[in-house]
Every structure is written in C-alpha cells, then in structure tokens.
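The whole structure should be built from the sequences, with the hints applied where relevant.
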Amino acid sequence: MTQNSSERRLWDAKTGEQLTFLRTDSPLLSLKLMEMGLFPAAKFQLIKRAPLAGPLLLELTDNLQQLAIGPAEAKEIWIQ
Amino acid sequence: MDTIAHQNLNIALLGPPNVGKTSLFNQLTGLQQKVGNFPGVTVEKKVGKIQLQGLHGQLTDLPGLYSLFAKSPDEEVVIKALQEENFDALLLALDASHLERSLLLAQQALAMGIPVLPLLNMLDQAKGQGFQFNTLELIPLLGQEPLRINARQGSGLDQIPNAIKQLLAQEAPSANTNFLTLIKSNDAAAQLKDSQKRLEQIRPQLQKARKKSETKRSWSHFLDQWSSHPIAGYLIYLTVLFGIFQLIFSLADWPMGLIDEGTGALAGFIAELLPAGPINELITEGIIPGIGGVVIFVPQIAILFFALSILEETGYISRVVFLMDKPMRFFGLSGQSVLPLLSGAACAIPAVMAARNISSWRERMATIFVSPMISCAARLPVYVILIALVIPDGNSWGFGWKGLAMLGLYLLGVLGALLTGLALRFILPKKDQNPFVIDLPSYKWPRWQNVFLTAYQKSKSFVLEAGKVILALSILLWILGSYGPSEAMQAAEERAQKMSQNDNELAQNMAAEKLSASYLGHLGHAIEPAIRPLGYDWKIGIGLLASFAAREVFVGTMGTIYSMGSEAEESTLIEKMKTERFEDSQKAVYSLPTGISLLVFYVFAMQCMSTLAVVYKETRSWKWPLLQLVYMTGLAYLLAFLSYQLLS
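Note that the protein sequences, when read in sequence, are chains G and F. The numbering of the first sequence is our numbering, which starts it at 251 and goes up by one. The numbering of the second sequence is our numbering, which starts it at 33 and goes up by one.
It cannot be assumed that every hint is accurate.
If you only want the chain F side, here are some residues facing chain G, beta carbon under 10 Å, derived [to be verified]:
| # | residue |
| --- | --- |
| 1 | P95 |
| 2 | S99 |
| 3 | S217 |
| 4 | S252 |
| 5 | D256 |
| 6 | P473 |
| 7 | P625 |
| 8 | L678 |
The hints are simulated quantities; they were obtained by calculation from the structure and are not laboratory data. Positions of the beta carbon are idealized from the N, C-alpha and C atoms, including for glycine.
Structure below.
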C-alpha cells in the first residue's frame, strides 16, 4: 500500500490534533476498532495520553464517543 | 400461535456493554432472578423469570459484547450459548447513541437463525448528540421496526410481549451457514471482510434513518476533563478508593460485631439447651462458629460490591482502567486489577470476587493469585501482638519503630504481590488476543435497583457457594482440635486436674492440655522439626495449624495454649508469651529473630481457608487454590527461614 507523506502512526500524533483514521497493520485490530465504532475515514481528536506512555484517549467527532487505545495498538494504527 | 406456545419460552438478552442491558433485565424480571455461571466457566449467567401479558418463560442475560466474532473466552461463552441453548427468541438491545456499531452486531445476530426482536435504547443520549431517528428506515437492516424503549425508566417495555408473540408467529429465520463457519474460524482477515461488507449495507441505510443536528457537550464531558486528567485523575481515584475503604471499615464494623456477638450468643443458648456431649459441642463449637465465620464477611462483601456497582453503573471504572493500565501491566496485571488489590487490604474474599470484572483471563488469574498477599484486616491482630512482643519501643526521626514495622509489613505484602504478578506475566499463557481498545461510556447516574441487586446477589452467591467449603473445613478443624487419641486425652485431663487450684484454672488448664493432646496438638508436635529452623516451637506450630481457619485465630489459640482462655487480655497474653522458653535450650521463644520470622510468615502464608474456598468458587477448579496454597506457604516458609537465620 502506498503511503501519503502526511500519513503517520497514531502513536506519533500530538494531543489536541484533529485526525482521520485510515487503516491498521493488523486485521484483528481493524476488526476490533470497527466493532467498537472507529470506522475507516472516521474523524477524531486525540484528547489525552495516560501518564507513563500509557493508553491514548480519542474522541470521535461524529458522536463524541471516547475510546481508549493501548500503546501497542496505537503504534499499529495509521492516521492522517 | 396458541397460548400454550407462549409458556416456558427460553429467551436471551443480547447487546453491547453499557447499553442498559442490566436495567432492561431487571425491569423485565424484577427480583425473580438467579445468578450462576455458564457451564464449566466463571462467566456470570443471570437467568430470570418473565411473566408478561400471557408470556411466560425464562430470560437469560448474556454478557455484553460488541461482536459475535469472539476475541476472549467470555465472548466465546456467549457464542456457545447462542448455538447450543435453543433460545426461542433474542431480545437485542441496540444503542441509539452508537447505532452504527450496534447495527453491525444486529446483522450478525440475525444470521444466527434465532428470531430477533430489536430494542432501540439510549435514545435520550442520542438526542443529546443531536441524532433524530426514523425507525421505519431501519426495517431493511433489521427485518422489522425496532421498539423504542427507555430501559432505565421502564418506558416502552409493555410493547415487548406482543412483539415477541408476533415474532414467534412468523416462520423462524434460517441460519447463515457461512457466517456460522466464519464465527468458528478465528480468521480475522475473513471476519474483517465480512464486517466491511455488512457495513457497506448499513451506512447508506443509516443515513436515511438518522438525521443529525448540532451535538451538545454534556456534563459527562466536563467531568471527564478531570476524572481522566494525568494528575487530578489520580487524586480523584485515590479519594474514591479512600472513600470506599472508609465505608468498608466504618460501616461493616458494626454489623460484623453484631454477627460475631449473635453467633456467640446463639452458641451459648444452644449449649445450655442441649444435653452436654459431643453433639452439643459439634453444634456450638463447630457448626455455629463455622456458619458465623461465613456470614461475618457478608457486610464487607455487600458494601464493597455496592460501591463497585456504583462505579460500574456511572461509567467511572473505565476511566480508572485508562489511568492505571500502563503501570499495572508491567506487573502482569491490568488497570482493572487496582480496585481488587486495594480491596484486599480489607479482606481477600471480596478482592478475589471483584477480579471478576477483569476482562482478560491472564490478568484476572494473576489478580486472583496475588490478592491474598495484600495484608488484610485479619492479619492486623497477629501483627499487633507480635510487634508488641518483639519490636522495642523507640523512634527514629520522629517515627515510632512499632509503627514503621507495621508499615513495613504492609509494604512487604504489596511488594510480594507485584513481584509475583511480574513472574506470572511470563508464566501464564495469554489466552485471548483481544486488542486494548475500550469504550469510555458517558457518565450516568446509577440506577439504585441495579446497585442493590448486585450487592445482594454477590453476597448471596458467597454465602451459598463458598460458605459450604468454609463450613466443612471449620468442622474438620474443630474435630482435629477437640479430639485426640483417647489415652493422650485422658492423661491431659488428669494433668489439668492436678495443676488446678480452682474451677477457673481447671477450665483454662483443661482447654490447654486437651488442645495439646488433640490430633491438632499431635500435628503441632509432628511439624516441630520442620518449623524449628524458622525459630518456632510446637506451640507456635499448633497456632499456625489452627489459624489456617483464619489468621486471627492465631491470637485466640495462643491464649488457649498458654492457659489464658481464648478471651485473654492482649497485654496479659503478651507478658505470658515473653516468658516462654524452648524446652531444650531454655532460650526465649519470642526473640526478635523468631518474631520477625513469624511476622514475615504471616505476611505471605495462605492462612485463610475462606479465601481458598472463594478462589475455588471463582476459578471453578481446585488447581488454583492449591497452587496458591503451595506457593504462598512455600514462599512464607522460605522468607521466614531466611529472616530467622539472618537475624539469629
């Protein structure tokens, strides 16, 4: 899959950034995110990072749903 | 369809977590519900009776899940139940505030070949998000218009019986065999493809069914700024925990005292009522204290689960998981382990039971395994008496040595629990491949009926399930402590009579001599060679064996052994223990090395059969409590040995 220059991993995003979910490196994680309500092309904001390099907290723009995502998972998620 | 067909219906309630399923289940079944486990596993199964407008049967509340593609053992249980329990119909709770993902689950449920009645809940929350619905547009996705309900307020539920009757009057849907194969396949790529295909159907239809206006931020978002804040979040969490422990200690103290006095009074009453003899003693010294030993934990369990249920109902627990997950994960535990572990400071029993809320099998088992290492309230009397015996008065930098010793014992337990968790991280297999993605639901006011029912059901399940094992072991320990070889018991009686000047002395000496001559006493003598390297004599050995029933029994047993009576004043007992000497070397038994060794032993040893019984109940296997018993006792022995040998 070709990568756009603005594509990054979620782990590298800054708190407060508005982001768009693109894809993940693992089908299992993609499936889990879809089941939890984070669909491809969904817009969200990275609102918090737990201390000690812990989970990330996202807020979906559509319905203000909040999802916490583990550090290992955040490194497998591609965003724009 | 005739009325008879609406009797004995077997209905299941399915839906994602935080959709209001518990409220719906409680509204439909009232208090007519039973809590157990799905066969062979520890996943909670709630079954209730429904009697609504000519519709009779049972309703099973299935654990909440987001998808029928199981990723954890708990989710596998739901799939198995859907395939094997022959449900006549499924009540499917849909979350209107997260409808897209709910419809994905709905599509999967419809493929199972069971008639599905969709119920659209959380409409008030969806309204706050600016969503409005035309539910007729959902028919192409659900096969029928979903019923609009409010499970918390109970509105719209009166439509359910007729809707079920209509559903059952129709031809049963056929199962999608490809989907059933896919469920079993564990092929994430194929499952993803299937979900993407369903999503392609859902999205355009949902656009017709749902209109969106401006989203309003609720008070929940305001609270979230603080409750998951990197600094304030921890302070709030500490305050909440402190509040819970204050509740447990202050509120449980009074009913526990009452239960203790009540069982004592009942035993006294029955002792006078029945003719003296073995039956009288069995009932008053074995069975009644055994039952009392079970019931006495109920106030703590009820209060803890009352508080936990409030945290769960409000949605606060997931914020705690977000904050605590990373530091706990290093030690093989999870953010969800914090509350059970801290509950262990009151009592390991509710701590082990609270571990049920941990979704990952490995982390739940690790939490159950290490919880009893946190110093519980029952260790306190043992710590107090041993510290008073061997730690001198004095202070350093304003801190008293005795207080520091007490703090050290608590920290030692925490350290042991964390290091054991770290070791288990490398030993226990990871049974589930569930990625860490958790939903932080909006804050809600708790529904009090749910809170009280949870506290009641947890207490009941403890008394009925763990209680049987505790009672049986209490009776066994009583028999071992009350009976012995007849010649030895006869000799003990004669010795006691010779030693005593009056009735009071006779009673105390008789109890001490008989305990020494009992099977338990013989066991104490038998284990002396094994415990001597730890600095203990046979009398301490009896104390260790007797306190297997519960740690605090050690103090009472020491009172009996030293002929003080079990109600001995602590200060008198301490004086008596200070003068105690080894029979061979005539050295003081309770020296600093022995005292420290004994304290270390009590920090780690699994001296609580009630906890073992609860671990058995929670894991559905004797493997875990036996492993715990062997590991903790082995560790206690090793560390007590090292302490004694290094200090002597």
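Taking the hints in turn, this is what the structure says about them:
For P95(F), the interface hint is violated, since its Cβ never comes within 10 Å of a Cβ in chain G; the closest pair sits about 15 Å apart. Interface restraint check: S99(F) against chain G, minimum CB-CB distance 4 Å, threshold 10 Å, status holds. With 10 Å as the threshold, the beta carbon of S217(F) stays out of range of chain G, its nearest partner Cβ sitting at about 12 Å, so the hint is violated. Residue-level restraint check for S252(F) holds (minimum Cβ-Cβ distance to chain G is 9 Å; threshold 10 Å).
Because the beta carbon of D256(F) sits about 7 Å from the nearest beta carbon in chain G, less than 10 Å, this interface hint is met. Of the supplied interface hints, the one on P473(F) holds, with its beta-carbon coming within about 8 Å of a beta-carbon of chain G, less than 10 Å. The closest approach between the C-beta of P625(F) and any C-beta of chain G is roughly 40 Å, which is over the 10 Å cut-off, so the hint fails. For L678(F), the shortest C-beta to C-beta distance to chain G is roughly 35 Å, which exceeds 10 Å, and the interface hint is violated.
Hints 1, 3, 7, 8, counting from the list given before, are not met by this structure.
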